[in-house]
Amino acid sequence: MSKPAPDQTSKAIGDVALGLPLTLILITAYFGFIGLGAFAPAWLAMPVFAGGITTWAFAYGLLVIALGVGLTGLYVLIANRRS
Amino acid sequence: MINPTAIVLFAAFVLVTLGITWWAAKRTRSTEDFYAAGGEITGFQNGLAISGDFMSAGAFLGLSGLVYASGFDGLVYAVGYTTGLPIVVFLLAERLRNLGRFTFTDVLCFRLGETPVRIFSACASLVVVAFYLIAQMVGAGQLIKLLFGLDYIYAEIIVGALMICYVMFGGMVATTWVQIVKAALLLAGGTVMAFLVMMRFGFDFGALLAKAVSVHPQGRAILAPQFLARDPISGISLGLALMFGTAGLPHILMRFFTVPNARAARVSVFWASVFMNFFFALVFISRNTTRWKSCRC
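Taken in sequence, the protein lines are chains A and B.
For any residue, its number in my numbering is found by taking its place in the first sequence, counting from 1, and adding 66.
For any residue, its number in my numbering is found by taking its place in the second sequence, counting from 1, and adding 1432.
Note that these hints are calculated values from the structure, not bench results.
Small disclaimer: the values here were computed from a predicted structure and weren't measured.
What follows is a list of derived Cβ distance ranges for each label pair:
1. B:Val1647 with A:Gly98: 30 to 36 Å
2. A:Gly139 with B:Arg1652: 33 to 39 Å
3. A:Arg148 with B:Ala1554: 34 to 40 Å
One-sided and incomplete, this derived list gives chain B residues near chain A with beta-carbon spacing under 10 Å:
4. Leu1523
5. Ile1665
6. Leu1670
7. Leu1674
8. Asn1693
9. Ala1694
10. Arg1695
11. Val1699
12. Phe1702
13. Ala1704
14. Val1706
15. Met1708
16. Asn1709
17. Phe1712
Over the 12 Å line for every Cβ pair with chain A, so calculated as not near, a few chain B residues:
18. Ala1444
19. Val1448
20. Ser1462
21. Asp1465
22. Ala1501
23. Ala1554
24. Ala1556
25. Phe1563
26. Phe1580
27. Val1599
28. Ala1616
For every residue, glycine included, the Cβ atom is placed at its ideal position computed from N, Cα and C.
Assemble the whole structure, with the sequences as input and the hints as a guide.
Structure below.
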């Protein structure tokens, strides 16, 4: 297999200005969830509504799942507009 | 002991998927066809196939078992699984596609010495495949053993032979369509199950959780993660593995080559993330019920 010219490699690597911030947002949200579970589990065990049974663990967990779809959608939308 | 409905459904699924493999084998002509389905899969189809790859036996059966045994601890895995694909999309997928190579190893060979990279990646692949394959084969073998009352060893041989047939004769076209069928079945099944469960509880998630708490020996403890706090370091390490492990799955990365262009690749990951995350959100509902159902019967 032949080595590509440097310009071909850098073109392929593309621009990370879009992907990197989205990655950081998702990492922050997800490790917020894991971190709370690891260091402040009592917080996740609190009910969302006083007296209710659904805990913050469910709310935060679903938020991370929804955020994944939202950020992916945003990425696809912006990247496809550009091309 | 042997369940006729399950056997008929299983046989039908095997026949349909073998039919797909036969159809795909007739169409496969080149290396490009075999590894990347000739780049002729649409974005939507590829999205379904990616979600099919993700919703594996481990994600489906393993998660049910985890949630059944320890409640929210299992849902931590569900949340973790959903964070993997976005990372692949944001950082990896496009670069791989632009370089136009079939495997991650081919990409590494661009920059680094070919021989050491190939030796290393062959070793790494075999180690990863061994762990991945053993878990899947044991799961599938146990399932066949339960369904047909066969000896475990024969169940394993049948499953192994089927898997090899699918991939060897059908290549990427067949595997893609088999994954699409599987994803559609899992999504439909999961949705119907979650809907029926919620209907039973008057669409009140709180009532469902209250019931789960009342029948589970650990009571309210199942409503939040437990194991993360017991050993925070290994908890965080698990979190890392769930998020970034996906980027190392070759069958997921390969999927970005089966569509005609980068645009379709992006559309496919969008659909994949919608279907997959929807499925794992359903897990929040339906898996909580497993315990409740088993207590009733």
